[in-house]
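Let the sequences and hints guide you as you build the complete structure.
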Amino acid sequence: MLLERWQQIPAGTRDLLPAETGRVRAVTHGIVRQMMRWGYREVTTPTLEYLDVLVRGEGPEAGDRVFKLVDRRGEVLALRPEMTTPVARLVATRLREEPLPVRLAYAGQVFRGWETGSGRPREFPQVGCELIGSQTLEADAEIVALAVESLAAAGLEQFSVSLGHVGFLRGILAGLGLPEADEAHVRALLYQKDFVGLGALLERHHASPKSVDALLALPALRGPAATAEARRLAVTPEGQSVVRDLAELQEMLDAYGVGGAVTVDLSIIRDFDYYTGIVFEGHTAALGVPLLGGGRYDRLLERFGAPYPATGFAVRVERVLAAGGAGGDSGAPDVVVTFVAGSRDVALACARDLRAQNLVVTVEVLGRSWDDVARDAWARGAGRAVLVRHGTAVVREADGREREVALADLRTLRPVGGGAP
Amino acid sequence: MTPVTVAVPSGRLLDGAMKALEAAGYLSIDAWRSTRRLLLPGVDGNVRCLVAKPADLLIYVEHGAADLGVAGKDMLLEQSCDVYELVDLAFGACRGVLAFPANAADSWEKKSPLRIATKYPRITERYFRSRGRPVEIIGLNGTVELAPQVGLADGIVDLVMTGRTLRENHLVEVAELFQSTARLVVNRVSLRSRADAVAGVVERMRAAVARSAVPPSA
Chain A
0 MLLERWQQIP
10 AGTRDLLPAE
20 TGRVRAVTHG
30 IVRQMMRWGY
40 REVTTPTLEY
50 LDVLVRGEGP
60 EAGDRVFKLV
70 DRRGEVLALR
80 PEMTTPVARL
90 VATRLREEPL
100 PVRLAYAGQV
110 FRGWETGSGR
120 PREFPQVGCE
130 LIGSQTLEAD
140 AEIVALAVES
150 LAAAGLEQFS
160 VSLGHVGFLR
170 GILAGLGLPE
180 ADEAHVRALL
190 YQKDFVGLGA
200 LLERHHASPK
210 SVDALLALPA
220 LRGPAATAEA
230 RRLAVTPEGQ
240 SVVRDLAELQ
250 EMLDAYGVGG
260 AVTVDLSIIR
270 DFDYYTGIVF
280 EGHTAALGVP
290 LLGGGRYDRL
300 LERFGAPYPA
310 TGFAVRVERV
320 LAAGGAGGDS
330 GAPDVVVTFV
340 AGSRDVALAC
350 ARDLRAQNLV
360 VTVEVLGRSW
370 DDVARDAWAR
380 GAGRAVLVRH
390 GTAVVREADG
400 REREVALADL
410 RTLRPVGGGA
420 P
Chain B
0 MTPVTVAVPS
10 GRLLDGAMKA
20 LEAAGYLSID
30 AWRSTRRLLL
40 PGVDGNVRCL
50 VAKPADLLIY
60 VEHGAADLGV
70 AGKDMLLEQS
80 CDVYELVDLA
90 FGACRGVLAF
100 PANAADSWEK
110 KSPLRIATKY
120 PRITERYFRS
130 RGRPVEIIGL
140 NGTVELAPQV
150 GLADGIVDLV
160 MTGRTLRENH
170 LVEVAELFQS
180 TARLVVNRVS
190 LRSRADAVAG
200 VVERMRAAVA
210 RSAVPPSA
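Heads up: the sequence lines are chains A and B, in that order.
With numbering that gives the first Met the number 0, letter number 345 in the first sequence gets 344, and the count goes up by one each step, no holes.
With numbering that gives the first Met the number 0, letter number 48 in the second sequence gets 47, and the count goes up by one each step, no holes.
Bear in mind the hints are in silico, worked out from the structure with no lab data behind them.
Among the hints, a few may not be true.
Far from chain B, by Cβ distances over 10 Å, these chain A residues were calculated [what the hints assert, rightly or not]:
| # | residue |
| --- | --- |
| 1 | R71 |
| 2 | Q134 |
| 3 | A183 |
| 4 | V359 |
| 5 | D371 |
Below, a list of computed lysine to aspartate or glutamate pairs in the DMTMM-like style, where the Cα atoms sit at most 25 Å apart [unchecked claim]:
| # | chain 1 | residue 1 | chain 2 | residue 2 |
| --- | --- | --- | --- | --- |
| 6 | B | K18 | B | D87 |
| 7 | B | K52 | A | E114 |
| 8 | A | K67 | B | E144 |
| 9 | A | K67 | B | E135 |
| 10 | A | K67 | B | D87 |
| 11 | B | K109 | B | D87 |
Being a predicted model, the structure only gives us computed values, none of them experimental.
Each residue gets a CB set at the ideal place from its N, CA and C atoms; glycine is no exception.
Below, the structure written as structure tokens:
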């Protein structure tokens, strides 16, 4: 059957049904709660930003990957493609006078205006946090540790975080003294993860075959091997300090108790242009795309007039769910309430009491018979069906047995599964 | 443990990809020829291959349906997929060129509007946009060289290996847009979560390329 346009949604977007919405919310809340335990306060920014703001934060390429709108005054607006730039704008304006460091968390939908058919969503939920105003390794360690704890809070067990540094590859390449024109080319090759192109470029500039081999070997190096190799390759003072930072960071992460989940990986390359220091990605073998990504971005806020260093990360909620992140309850009612004529007031008061105990309660609104209400309640997976009849309540179990209880006892009724949060 | 999956493209790079995998010790071409299956086990059970349309191959790797893949640089340039490009496999060499009918090869720059037929709409668009030249692109899936002869387009952007197809269709190359060979690409998560197995394939493929490299003087 062909669907009419009015029955469809745009490619790359999704309707979430109740169970899915519950899972997304449970994962999101689990992560936000974890962030709040670390002192991160949640903020909300608009879904729409001026395109100029996004371009200022993310560079001119931002214009190619966002959905744009023109408002009635001719202003070009865009749907936010990520949250770090809007949060940077917020901190540099409304929160300018806050004492540093500022710890902020966010959760919301973001949008990418890429072509459809590639299997990439054009709207998806992100939850993340930013630690603003500190340039220390302690801040980096906190953010990486919180990234690990966030995935754990989302119910994932098998995952790891790969930790790299943008200064390392850039350092190797900068050490070659390339002409300015080639620097942009190098950056483009890096973002495309085109190691063949990088190797060819090194050869054209008569780099030693050894350094070409070293560059090409990088993507295969993990953990201690990567650190040892990095120490050998980092000839510039900047490169040496990157290696020292990564080693010290690893020690701090051990102290945070998350060292086992973090691996040094010098080939990590993030998609956004604003990263200046450590970069990291979280992943699990079950999924071919990263679960989270982040890093240090010390030059982003100065583009908005506030020269604060910063570090942070964002989690892809739908990917965490795809990787088996635990999520929430089914949303089925704990108690379904109906009543006989004349007992409405008592029934509604009962429903209010039960809800006050955190139970999920629905009240019959179709005027059906008690048998029909009870049958429908089981079909929906409800815990109990209750008929309020004058001074008492009839409770019907899933197997059809009934018992009569006093209204006062109903107020302390527990659902069969004991599934209240 | 599922075996490491390598995607190989059907089409012009298929034979080269199969030979490279056989040279690296992962595949028996004879065994594959006898079945022509699209998903085939490797020699040792740790590596398997899937055969994908060249235009789809990078999608398999980007989404992790395949851990590695053999893809033409032309497709990497056209599709901008999020994969690591690690080894130049050195076979399947060709060039992407802009070509016009012989009688228009000198005058095409004055043509407006300029219509170009191609299998590479994004590469073509980038090429003309970076030169500030307006262009109308007609996306085709094959036999692009036919388009100028029947008035569908003024010129074409297409792959050239020997130049024979251009000559037979009275087309003249006026610019080279890119050079292409087959590349080994890797999914960004497989590179990390299955690091040892994937690095093993990358190294054996790299070594196989080095062994088969022909000295420039030969």
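Status of each hint after checking the structure:
no., hint, verdict
1, R71, "holds, 30 Å"
2, Q134, "holds, 28 Å"
3, A183, "holds, 13 Å"
4, V359, "holds, 37 Å"
5, D371, "holds, 47 Å"
6, K18/B / D87/B, "holds, 15 Å"
7, K52/B / E114/A, "holds, 20 Å"
8, K67/A / E144/B, "violated, 37 Å"
9, K67/A / E135/B, "holds, 23 Å"
10, K67/A / D87/B, "violated, 38 Å"
11, K109/B / D87/B, "violated, 38 Å"
Checked against the numbered hints above, the structure violates hints 8, 10 and 11; every other hint is satisfied.
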